[in-house]
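Enquirer: From first to last, the protein sequence lines are chains A and B.
Residue numbers for the first sequence follow our numbering, so the first one is 1 and each next one is one higher.
Residue numbers for the second sequence follow our numbering, so the first one is 1001 and each next one is one higher.
Since the hints were made in silico from the structure, they are not lab data.
Please note that the accuracy of each hint is not assured.
Unchecked claim - Every beta carbon over 10 Å from chain A, so not counted as near; a handful from chain B, in silico: (1) Ala1005; (2) Ala1029; (3) Ile1040; (4) Ser1059; (5) Asn1066; (6) Asp1093; (7) Ile1105; (8) Glu1117; (9) Gln1148; (10) Met1150.
Said to hold, decoys possible - FRET-style restraints, in silico, Cβ to Cβ: (11) A:Ser248 x B:Ala1081: 38 to 44 Å; (12) B:Ile1040 x A:Ala263: 27 to 33 Å; (13) B:Ile1040 x A:Lys631: 45 to 51 Å; (14) B:Asp1122 x A:Ala487: 40 to 46 Å; (15) B:Asn1079 x A:Ala296: 22 to 28 Å; (16) B:Asp1018 x A:Pro202: 46 to 52 Å; (17) A:Asp683 x B:Asp1051: 43 to 49 Å; (18) B:Asp1016 x A:Lys316: 34 to 40 Å; (19) B:Met1001 x A:Ala296: 23 to 29 Å; (20) B:Ala1077 x A:Ala86: 32 to 38 Å; (21) A:Lys631 x B:Met1001: 47 to 53 Å.
Here a beta-carbon is modelled for each residue, glycine too, at the ideal position from N, C-alpha and C.
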Amino acid sequence: MAVFDLSPDRRTFLKVSAVGGGLMIFAPQLSGAKPAEAEGDGQIGLYVKINSDNSVIIGSPGSEIGQGTQTSLPMLVAEELDVDFAAVETELMPFLTGAGENGRPQQLAFTSGAGGSDAIWGSYDGARQAGAAARHLILRAAARRFDVPVAALSTEKGTVRHAASGRSLTYGELAADAARESLPEGELPLKERRDHTIIGKPQKHKDVRAIVTGEPRFGIDQDYPGALHAVIARSPYLDGRVRNVDDSAARAMPGVRHIVAIARPGPGENPALNNLAAGVAVVADSLWIAMKARDALRIDWAPGPVREDSRAEYAKAYEALKGRGQVVHEDGAFDRALDQAAQVVEAQYEVPLVSHSPLEPQNCIADIRGDCVTIIAPTQSPGRAARLVAEIAGVDPLSVEVRVVRCGGGFGRRLYQDPVVEAALISKAIGKPVKLQWSREDDMAHDFYRPGGIHHMIAGLDGNGRVTAWAHRLASHSRIFREADAAEGFWRSELVPDDFPGQLIPNYRMEYFYLPSAAPRGFWRAPISTSNAFAVQSFVDEVAAASGQDPLGLRLALLGDQMRDIRYDNHGGPNWNPGRMANVVKKAAAEAGWGENLPGGKGRGLAFHFTFGTYVAQIADVTVQSNGSFKVERVVAAADCGIPVNPNGIRAQMEGGVNDALSTALGQEITIRDGQVEQANFDTYDMMRIDRSVANVDMHIVESGGPVRGMGEPPVPPLAPAVTNALFNATGKRIRKLPIRDQLRS
Amino acid sequence: MISFAVNGSTHNFDGDEDMPLLWFLREDAQLKGTKFGCGIAQCGACTVHVDGEAMRSCSIPVGSLNGARVTTIEGLAENGALHPVQRAWLEEDVPQCGYCQAGQIMAAAEFLQNYPEPTDHDIDDNITNLCRCGTYVRIRRAIHRAAQLMKAEG
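Whenever a hint applies, use it, and build me the whole structure from the sequences.
Expert: Below, the structure is given as structure tokens:
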């Protein structure tokens, strides 16, 4: 998801103007788009604004979901601009539309969403070019003022100096002149890594003051002139429908304005409707009246065609695994190698469906009146929101204005635009602007869950303990939910043949069994990787234990210590480097004191995973009480994300990712019974509080010279197996099913 | 008519007394810092102080508040000076998405009145607000730092 995509011609995308005696560099709306006046004072697509009072504002083009891009992306601009970052203000850029290739309308990628841990590397070159362009204009203005060549000038934290004469001017003093200069052609030279003064230095997050004082930054905090309030009673049954509704009591309540049916799209119907649940929307003067009126609806729900029971589906998956699945990858000859193995190890691991549950329940403001379409949404994908809404409203996508607001958590949930689609449908139906609010119960029952599944692992070893054969047989849901022509995608969304230990073991097979479910599934923070890392990193540990090898030693033997790129045909590729991973693992092991004897009741476990281009190893220390209760005392983590842009943000993501992953591993599970999601709210869905959290996350950044990569998701996958491996180390009991809950007590 | 104070301003309320304080604050008083997370007093995103006690405003009917003094995150700073807990949150750079943090801060501010020198165990036993981003490492550090700030400032 490229964020700052300035190709092919930077000058088409960067514009310069003088505003209030200052310099502004911005991304214009292109042909056919709304006029710039639509954004108030013309600050559309702001990259950089330097005011005459020397204040600097830098725009951030990505959705802020807590991963810190409102700080890290402006850091990239500020590095080349050469200003004091502590004094820089940052703001979210609006989402921009424009004419793409061949004049075809499309959403341009100036402002974009959050997904795939891509923001930092998707912006790395373009954002620095934007900063360099602004500095270039200022230098040219200074050169004219001093009547010297640009080459005779230098900059330092917002000041241009002419060393020969000792003269200097601040950026603010030069901003108005700089706005009259023109942008250079071609790429500007950028700083060498060793010359960075902002990139690689820990920077505090920019928006913390607004958050700790309660400023209204989130989607749920937004108001809109004339907007009515809407809530929806949705089918409690997966694929259920409204058989009959008695809305007389609701309609009789003062302040209730409209009741709107939301139909579930049938097979073959418009996929833009994004698998909406069937429901009945209540639109009222206030949110509270709408909520009360929803409670007053009498709805007879028709269950879906399948009265799904997730426990029965898991039982079927265990049965299926006894047979032969779809062999999706084979290196060497697995069957023969297993026949010849001196030792065979086998285990099965179970992972549940889990919910995203971002703490801000879904919400959206939609105003669809004729050709005027405005959306205000906490979304990870403003582009998808704009396209879907344009389709519903029947307007040119270029005329859709999506206002991006801070998201109260994302984790992948806000890649899905069902709340946006619902709000748009309601606004279109009533011809008025509307603010749609979901409850927690709505959010938990109508999620796009992380797929669950059962992983059957088989390893064959030779007489020297070398792993010669490896099979990963997976029966799972797919993240692909009701997309056309998805058969190949079913396994590709769940298995990555190039992941460790693929390519490192000569006889290697992957086999897939598709588990259908009516429960919507989707991307969940580090999709694919969370489940697979649990299976693979648990099983490596089991193989080590069964063959009397050190869990660290076996991993290092498999990785090898050679720095070499091997294939990675998935997001984060095209290559990965086992040697870089070995370095990260060794760093974590050294810092954790791997190999030392631990007192009784203590255990230490290791896991690693390569996620989206970033290498992470974690070592968990646990203390287990005699009654089976346990506490994760410490996690030592090492990560190589290439250039570490904001080490403070990287540490924050590791601390948070470790605790988010622990929360998920300890107690989170979505189950389905009689075609309904059984969990409703945080009283039945066990999210971890501070008492079970890891207080000590000892994070080590490994910089190996690799390219810049993200940190939003990579901290999550290794944590669950690091903890369960530690529990095994402490107790000899192997946890093969998530969530862990009280399995040590039984 | 229900009369109560929010951040020092008196509000007279003659609407539906069943409405939770949360929605009064957010929708009627336009104080959006107090957040909606679960509606059943589980997550703590809506934590405010009622007569000095940390409470979950999603589960307090407005009708029960006659004569009460309510403080929200917007009213925690005094005379323009941030509360020590807010300063500690800034110094420790706690928030990620930030959605739960107003509630966390309100919970911590009251907790520190009762536990001026808290142990980790005290924090574990008394701070029950949820954070989906998992910022608990820094929340814990910030609570300890706030305790130090409050002690130093008497």
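Enquirer: Can you list which hints this structure breaks, lowest number first?
Expert: 3, 6, 7, 11, 13, 14, 15, 17, 18 and 20
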